[in-house]
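2 protein chains.
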Amino acid sequence: MTTTTREDCLALDRADPLAPLRDAFDLPQGVIYLDGNSLGARPRAALERAAAVVAREWGQDLIRSWNTAGWFDLPGRLGDRLAPLIGARQGEVVVTDSTSLNLFKVLASALAMQERADPRRRVIVTERSNFPTDIYMAEGLTAWLDRGYRLLLVDSPDELPAAIGADCAVLMLTHVNYRTGYMHDMAALTRLAHERGALAVWDLAHSAGAVPVDLHAANADFAVGCTYKYLNGGPGAPAFAWVPQRHQAAFSHPLSGWWSHASPFAMAPGFAPGEGIKRALCGTQPVVSLALVECGLEIFERTSIEALRAKSLALTDLFIDLVEARCAGHPLELVTPRAPDRRGSQVSFTHPHGYAVMQSLIARGVIGDYREPRIMRFGFTPLYTRFADVWDAVAILKDILDRQAYDITAARGAVT
Amino acid sequence: MTTTTREDCLALDRADPLAPLRDAFDLPQGVIYLDGNSLGARPRAALERAAAVVAREWGQDLIRSWNTAGWFDLPGRLGDRLAPLIGARQGEVVVTDSTSLNLFKVLASALAMQERADPRRRVIVTERSNFPTDIYMAEGLTAWLDRGYRLLLVDSPDELPAAIGADCAVLMLTHVNYRTGYMHDMAALTRLAHERGALAVWDLAHSAGAVPVDLHAANADFAVGCTYKYLNGGPGAPAFAWVPQRHQAAFSHPLSGWWSHASPFAMAPGFAPGEGIKRALCGTQPVVSLALVECGLEIFERTSIEALRAKSLALTDLFIDLVEARCAGHPLELVTPRAPDRRGSQVSFTHPHGYAVMQSLIARGVIGDYREPRIMRFGFTPLYTRFADVWDAVAILKDILDRQAYDITAARGAVT
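Those protein sequences? They're chains V and A, same order as listed.
Quick note: the first sequence uses this note's numbering, first residue 1, plus one each step.
Quick note: the second sequence uses this note's numbering, first residue 417, plus one each step.
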């Protein structure tokens with residue numbers, strides 16, 4: 001039984017060195033937003049930046065802004081700014097396209113590299129519980145290559161060592177599971193993959209800006225991720241791709257659009273790949289959405305990922321403790337690891353009426369989300385979530401459960 | 417020798433029924449913008465719309481906006497709104513991803529359909545002068561399929577009939593050439609392709625919103641295009657893909673992301689394609705950029721493409737006449753067809769110092785652009801270009817040429 005009180009939470013907020021960062025965000029009144037793992041909140045700066053891009057760069061400077069406003073350089077410039085959050089180096093990251101498409105690019109390149117090294121490797125190992133689009137893109141790619149590739153889906157991280165065999169070309173994992181918040185040991189699994197001759201591709205959708213990531217220390221091969229979750233880049237904002245310098249010369253994929261060409265404005269009728277991370281680009285990018293990514297990244301430069309991680313663990317520990325203490329007796333089951341080193345920045349509980357309970361929470365201003373099956377998912381973004389928010393959210397959850405104030409016949413909507 | 421005067425041009429503007437539409441755009445003072453074929457001008461409504469999406473939909477409604485603000489439905493809703501401009505039907509168009517990526521999708525599907533129908537067809541016919549990214553994407557796709565596909569690049573439209581042989585799988589053309597403004601006869605070439613057993617894929621980047629297009633009347637098979645040129649959707653705004661109802665059941669491509677899944681929120685670990693045009697989607701879309709596309713499309717609903725075409729031809733005729741009359745004696749050569757039915761909404765002239773002359777024009781507020789080799793490109797968007805603008809642009813061009821007021825040593829930048 002926890003002895004924590006709301007006063008204790010308020011005291012934690014007063015002592016929180018990250019507390020001032022909440023002012024960098026525009027958050028609606030009366031809402032406890034625990035869904036920053038799905039769509040990050042809006043940086044205040046994003047409104048002014050959107051107006052500047054639309055009114056001045058587009059409206060007044062028009063076509064000249066491709067050069068004068070640096071529109072062409074945005075993918076690389078944002079990538080360089082994002083790089084420190086994931087242990088990448090300058091010139092190794094671009095912000096571009098969607099996570100699905102970036103995964104397609106790096107997976108295609110990884111398979112091609114393996115095909116040259118050892119053509120017997122025809123298996124991509126991943127988890128059945130991986131975010132589905134990663135699996136779908138791997139299916140699409142391998143079906144079209146039509147060279148005997150197959151996906152091996154494991155049901156638990158424990159099965160990975162046995163699954164990564166001599167036929168494994170690529171180990172493709174999402175670092176933090178979108179449903180459970182389970183965090184893989186990136187360094188250990190990458191080492192295992194390499195020992196068995198496989199390449200390791202990591203999806204950082206629920207990691208970048210949420211947990212410390214050091215791609216170089218882990219010796220990872222490729223990574224992709226999302227900017228609109230913990231990085232607060234805006235709805236559907238372009239994703240990122242990481243190609244370490246050591247793989248850039250060999251990097252190639254079928255989506256060879258003009259932005260990846262060595263000399264795009266030579267307008268030559270034959271493809272010649274550009275140098276470096278430019279190879280991960282394809283076509284023209286959505287500038288307004290892309291530019292707003294910078295507003296989110298700027299905020300991270302006012303703190304450190306270590307400080308964020310410390311607060312994130314404190315928030316998720318507190319949430320787990322409070323729910324288990326104050327909602328005891330209700331059929332809630334924690335599916336997120338208790339071990340800090342296996343936990344992302346979210347907490348998920350199952351409830352037999354998880355969908356209905358979540359709808360009631362949302363109606364009461366506590367915004368988390370629901371994921372099949374029966375999972376209520378709560379994201380804790382240390383940039384703007386307060387300890388008192390955690391207390392208040394649990395108090396409302398307790399009230400809903402105690403009074404059974406949820407409608408189990410509610411029709412289901414869908415959120416990403 | 418033309419007898420047209422500036423007064424005549426002002427009279428044409430006074431009599432122009434489309435003149436009020438110019439007020440729908442925010443155009444900079446002191447600029448004659450003849451580059452709407454590269455980046456369309458900003459609809460006034462776009463600034464307010466950007467603020468609404470960023471401040472209210474993202475900032476206040478947060479994750480709920482995927483449903484309440486219709487973010488999920490944007491690709492299809494915008495596609496339906498764009499459809500009348502290209503002779504497409506409701507449920508046949510989505511606005512999504514980039515032109516490069518959409519071309520990859522439709523070309524992949526066209527090749528797969530042909531592979532089932534007649535596997536001996538292994539040639540994609542296109543023009544060497546096609547916009548390079550189309551060629552690059554075709555190269556990327558076919559190289560990775562590694563099944564003996566090859567591109568056949570012709571040097572002139574006249575060579576197309578001979579090139580489309582029994583081995584031709586797909587005729588892939590850009591309807592209006594980005595450099596010269598040459599417009600193909602879509603119906604005749606599609607008929608020819610079909611007679612020879614090929615499918616016809618059309619890139620409408622320089623057609624949509626610029627010239628009348630009737631994909632169904634032409635019996636075209638697939639089409640893609642751009643929203644940030646004549647459609648004024650904003651810098652790098654997502655592109656469109658058209659898949660006619662008759663091909664939707666057979667439509668498939670390797671970029672099978674979760675937005676094309678039959679039940680994306682079932683989160684099932686196996687891909688099952690959705691119905692209809694949804695199949696042309698892939699991953700999550702950049703909502704802010706995407707939403708602004710609607711501001712451009714709305715303006716087209718206040719007129720007709722026939723009225724726009726009539727003014728476009730009047731503008732380009734006037735420009736050709738004035739340049740040839742007033743700049744006679746200078747080494748300018750028209751590369752755009754004089755025949756109205758072979759001309760898009762741009763006029764291109766070569767000049768030995770085309771790059772330098774264009775830089776001088778831009779410095780004087782006449783914004784066109786330059787394309788290798790030696791081509792000065794002038795786009796005429798009838799929504800906001802005035803007849804007097806044409807007069808004034810030619811007057812400035814004449815002055816620059818007469819005085820040789822251009823720097824032939826100028827370093828070259830690049831614009832899209």
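Hints were generated in silico from the structure; no laboratory data involved.
The reader is advised that the hints may include incorrect statements.
Claimed, not checked - To list a few chain A residues with every Cβ distance to chain V over 10 angstroms, as calculated: (1) Ser545; (2) Asp601; (3) Lys814.
To be verified - Label-pair distances were calculated between CB atoms; the ranges are: (4) V:Arg116 x A:Ala468: 32 to 42 angstroms; (5) V:Glu159 x A:Ala688: 22 to 32 angstroms; (6) A:Pro500 x V:Arg14: 56 to 66 angstroms; (7) V:Asp155 x A:Pro577: 52 to 62 angstroms; (8) V:Ser304 x A:Arg563: 47 to 57 angstroms; (9) A:Ala533 x V:Gln404: 27 to 37 angstroms; (10) A:Gly564 x V:Arg246: 25 to 35 angstroms; (11) A:Ala468 x V:Thr303: 23 to 33 angstroms; (12) A:Ala688 x V:Asp158: 25 to 35 angstroms; (13) V:Phe265 x A:Pro577: 43 to 53 angstroms; (14) A:Ala533 x V:Arg246: 40 to 50 angstroms; (15) V:Ala405 x A:Pro436: 49 to 59 angstroms; (16) A:Pro436 x V:Pro28: 31 to 41 angstroms.
Claimed, not checked - Listing some non-contacts, in silico: residues in chain V with all C-beta distances to chain A over 10 angstroms: (17) Asp13; (18) Arg246; (19) Asp402.
Virtual Cβ for every residue (Gly too), placed ideally from N, Cα, C.
Against the structure shown, which of the earlier numbered hints fail to hold, in ascending order?
The structure conflicts with hints 1, 4, 9, 13, although it agrees with all the remaining ones.
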